[in-house]
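Participant: Sequence:
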Amino acid sequence: MKKFLSIFILLFSTYALQAQKEAAIWYFGENAGLDFNSGAPVALLDGQINTHEGCAVISDFNGALLFYTDGITVWNRNHIPMPNGTGLFGDPSAAQSAIIVPHPGIATQFYIFTADQLKGENGINYSLVDISLAGGFGDVIQKNIQLVTPATEKLTAVSHANGTDIWVLTHDAYTDAFFAYRVSPAGLDINPVISNVGINLSTYFFQSRFHAPGYIKASPDGTKVAVAHMGLTTELLDFDSATGVLSNALNLFDLSEAYKLFYGVEFSPNSRFLYVANRSQWDLLQYDTAAADIRASRVSIDTEDNGGHAIQLGIDGKIYIGDYLKPTLSVIENPNLQGLACNLNYNAVDLGGRLSVNGLPPFISSYFQVDIEAEDFCEGSPTTFESAISANPVSTTWDFGDGNTSSLENPSHTYASAGDYTVSVTVTTPKETQTETKDITIFETPLASTINDIESCIEQNIYTLDLSTLDVLILGTQNPTNFVVNFYLSQADADANSNPLALNYDFPLGSTAVYARVSNSNNPVCFNITQFNVIAQLEPTLGTITNWTICDDNLDGFYTFDLTEKNTEIFNGQDEAVFDVAYFASQADADSGTNPLPLNYTNSLAVEEIFARLQNTTHTDCYKTESFTIEVSAGVVANTPNNLELCDDDNDGFATFTLSDTETEIIGTQNSSSLTLTYHTTLANAEAGINAVSDSFTNTIAYNQSIYVRSQNATDMNCYATTSFELQVFDSPQIQIVTDWNVCDDDNDELSSFDFNQKRAEILGNQNANDFTVHYYENLADANLAQNEINGLYQNTSNPQTIYYSIENHSNTTCRVTDSFNISVYDTPFAQTPLSIILCDDETSNQSINFTQKDVEILDGQAAAEFNVRYYTSQADAENDSNAVNGEVYSTSQAQETIYARVERTDLQSCFAITSFEIIINSLPQPILEERYVICPDSPALVIDGGDFESWSWQNSNGVELSTIRNLNVSDLGAYQLTVSQTTNGVRCENSQSFEVLSSGAPETMEVEVNGFSDQIDITINATGTGPFEYSVDGDNYQASNEFVVFPGEHTIYVRDLLECRVISEDVIAIGYQRFFTPNGDGKNEFWNIIGGELYPDSQVFIYDRYGKLLKQISPNSKGWDGTSNGFLLPESDYWFKYLYSDNQIITGHFTLKR
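Numbered by mature numbering (1 follows the signal peptide of the UniProt record, and there is no 0), the letters in the sequence shown go through residues -18 to -1, 1 to 1137 in order.
Some clues are possibly wrong.
In the EDC-like style, the derived pairs of lysine to aspartate or glutamate whose C-alpha atoms are separated by at most 20 Å in a straight line are [as the list claims (entries may be wrong)]: (1) Lys741 with Asp677; (2) Lys606 with Glu591; (3) Lys3 with Asp42; (4) Lys548 with Asp453; (5) Lys548 with Glu608; (6) Lys548 with Asp573; (7) Lys606 with Glu437; (8) Lys1136 with Asp1104; (9) Lys420 with Glu521; (10) Lys741 with Glu771; (11) Lys308 with Glu12; (12) Lys1120 with Asp1104; (13) Lys1136 with Glu1042; (14) Lys1066 with Glu1114; (15) Lys1066 with Glu357; (16) Lys741 with Asp722; (17) Lys420 with Glu437; (18) Lys420 with Asp475; (19) Lys3 with Asp1064; (20) Lys3 with Glu355.
Simulated from the structure, these hints should not be mistaken for lab results.
Input sequences plus hints: build the corresponding full structure.
Facilitator: In structure tokens form, the structure reads like this:
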């Protein structure tokens, strides 16, 4: 076995994206500050920043403050300006005057990127801080190195796709150019990636000074960038974190909205929702970046005129909003939720008396890529969880904090009780096991009590209701400080918490459905809904009612008054569907609504007072009363005649009547010479004695019209009586085209029973069965005389036979017509069952079959000219004569299928019989052979098994049969074919398969050359034998090349021929050492030693400082060196070593200690 030396390199990242504590401390505004380390923001009063807008802060991964800046001065963690830490080229009036980015390759160094004010001459610069200097408080070692000018006031940073580098983004002042600067372990690359995309600022530069200010932010997942050009627009772009390229700019506003001065932008922790804030007035918008139409997804979170400025995501997953010149910040509590469910909470964070202005500190967006995401926090509803710890876990264990667990990657869990819970997830990957926790609050889901409908009687058309008075009924015993009640006009609005009603709401007349939503004050997503109706009813108005005097036609002093004739006067245009009227003999009865008079009321005195009560139909407590007098004086009698009736020949509803045909009936025994009769189309005209119609009158209202008769004393026109009758026009029935009725004879005796009611619809056609009656008869004479009608089932007396029928208007049987149709009885065919069709599978997707070959078998002697034979795939289709298949070319992919044949008469398709037969497709025999056989040097004999079949035929490529037995001995290379046969269901089927016989060489020996002495080892493999060969290290990914570059360690080398006849292997071992180690107590890379040195038990390792002083002698079999000497921690530096092994061979080198 040969042993080789290699080197292991540990790549070190200076910032931990999962920790988030780098953004735990904020300083901003007028000496304001916040500490998020406890999980909730706590006011800090020690900050030195006093700035109008931009600022930046950085903490270590444990959340301890390192330093902060307003873009001009850099303060250390003791709030003292650093050496050389003043005069940076940022500006306190720049929206994002600074952002701090750690050096990925040097743990103690940080870049401060600064931005000058609007299109200022200094543009974008960077300075470099070394926090290890000045006693660990930091020093600015490079300052004001210009990157680009002029530029906008925008700076943001986000992680590179490789997880180590960082992109810093800004925007040119006069063009559409975005600049993406890459910070890597090698330092800052001053040559940016330039993306010319989106709006060109030069177009608008001279129009307004507000076309450059505003924020730029990258999403936590690094896939999107949002940029606000205040006074112009806001753009959303795609960002490729691997290349630094921005693309697909989407303008979120029309230019007509530029006056709104949108300034702040921020993404939700899950990177789905974008929030945009207006600086001139409070107008906070939410966009769903996952929507098909992002612009159309815009939701206005609130419109209070408070002024919306910077918005910044915190490490607690909430978004904070600057309250201009106020000692508070507002908070979006649930930014991962859509619409109003995100829960905007005004003035929620107390700054301890310090003031927020325009700006908040920006951070690397990737800091906010959370490990645990959760959505929906309502008691009794599923809460969903998602972990971002690893994309490829071996196992995941969730602890929901209430005694329940789950092993799903993205589980949901329903909490039975409200409260605070600590949720943890433990994720095991092939490399490690990691546990993260998150504190969540489950909020109480309220109850919405059912309440009675709200009813009221009003004098106006609008009912104003204070809805807040209903809160106590809806909440019941629930604490009103914990829940909010809002009201809506639809279930959809209540569910969406949109368009709430004003507390003093004007309801229209009638019933209005109202939906009350009870929401948890701390989490409006937790809600319940109840529904009730607000019923507003009108109170009627009632004026003076005229007195009523009538003539006593029979001179008995009594008259029956139809009190409803006063209704029109009493209603006076008011809706009779809303109000009703009743009449009473006293005021007391009218007020109580008791003892109403009959509507047809007969007087008991010559003069009486009647009391009318007009009330709301559904709310009878809303009423008014008024009285009038009735008086009976001697008069005329008008008898009611019979109605006049006519049949309508053209069925248009109109006919000409002689109205005087009713005169004798109306006058009765009275002296006709003392009376005058006139005819009118309305009662009002008859009462007034105007607009009389002529005696020969064609009705003006189709089919039915009331005629009113005025019979008055010939000498006293004020003494009269009225009556009425109806003019009735009846449709005459119309003859339709009626088909003959042919039936199938089940016993072929030419007799059948007929239910003629089945012909009624055909006989009537479009005529209404409710208007006309049909009768049936055996002969025309009976039909004309309407006698001897056929009732019930009828059996024919001859074949064929004529049946007569009549149609008459059942409202007037004199309107009548007659006609006839024929009935016939046909013999029923039969269908003989044919033999099955058996075929060999042609191995196409659909095999074609001709069914018509079965016609003769099925008809079995019946005349083909009199019958049709059709084929179907189901009994139901055959019976319904639907979905018939093409009998001449039928395709099937089934091995066996039942086909149904329908034999029917050509002159009566409903007269049919059905049979069936089987289609059987025999599967072809399938020989199981390889496509390729190989004759190897280690096994030159090749015998091929042809399988278990009835016969075998082995042929070479020339078609020469070599054998007819099951097994074939092969020694010659080339192409072959095997044909086999098998008999199934009485049919013999054959199938063939081709294959090829090849030969291969094999490797005999190999030599492995190992070169290089670093963390990468060059391996060259030299093999002998008959090739060509393939090569592999550790058995993975064989390749044609014999050269490899491997990481130090123990490896197995493999060589094989292309046809895998033979594989040979050899083990090699490389020895190396770590370039870096970090004995800082975190449990990772705590010791340094020679890798693989334990293979040389007598070897020794000597460690020296840079001056050659021996610090430690260790054994390769030990854990290694822990970075101490004589019990003292040695500083970060380079250290040298000498490794003595195997016959005094020596290896020397150096490595770095980092803490």
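Participant: Quickly compare the C-alpha distance for Lys548 and Asp573 to 20 Å and report which way the hint goes.
Facilitator: Holds - the C-alpha atoms of Asp573 and Lys548 are around 19 Å apart, at most 20 Å.
Participant: Going straight from one Cα to the other, do Lys308 and Glu12 come out at no more than 20 Å?
Facilitator: The hint holds at about 10 Å.
Participant: Are the Cα positions of Lys606 and Glu437 separated by 20 Å at most?
Facilitator: holds (19 Å)
Participant: Do the alpha carbons of Lys1136 and Glu1042 lie within 20 Å of each other, as the hint requires?
Facilitator: violated (49 Å)
Participant: Need the status of pair Lys1136, Asp1104: alpha-carbon distance at most 20 Å?
Facilitator: holds (11 Å)
Participant: Taken at face value, is the distance from the CA of Glu357 to the CA of Lys1066 at most 20 Å?
Facilitator: Since the Cα atoms of Lys1066 and Glu357 sit roughly 34 Å apart, the hinted pair is violated (cutoff 20 Å).
Participant: What's the verdict on Lys3 and Asp42, does the C-alpha distance respect the 20 Å limit or exceed it?
Facilitator: holds (7 Å)
Participant: Is the hinted pair Lys548 and Asp453 satisfied, with a Cα-Cα distance of at most 20 Å?
Facilitator: Not satisfied, since the Cα-Cα distance of roughly 46 Å exceeds 20 Å.
Participant: Decide if the proposed pair is consistent with the structure: Lys1120 and Asp1104, CA atoms, cutoff 20 Å inclusive.
Facilitator: Roughly 17 Å separates the two Cα atoms, so the pair holds.
Participant: For a C-alpha distance cap of 20 Å, please report whether Lys606 and Glu591 respect it.
Facilitator: Distance ~17 Å between Lys606 and Glu591 Cα, so the pair holds.
Participant: Measure nothing beyond the straight line between the CA atoms of Lys3 and Asp1064; if it is 20 Å or shorter, mark the hint as holding.
Facilitator: With Cα atoms ~17 Å apart, Lys3 and Asp1064 stay inside 20 Å; holds.
Participant: Decide if the proposed pair is consistent with the structure: Lys548 and Glu608, CA atoms, cutoff 20 Å inclusive.
Facilitator: holds (12 Å)
Checked against the numbered hints above, the structure violates hints 1, 4, 9, 13, 15, 17 and 18; every other hint is satisfied.
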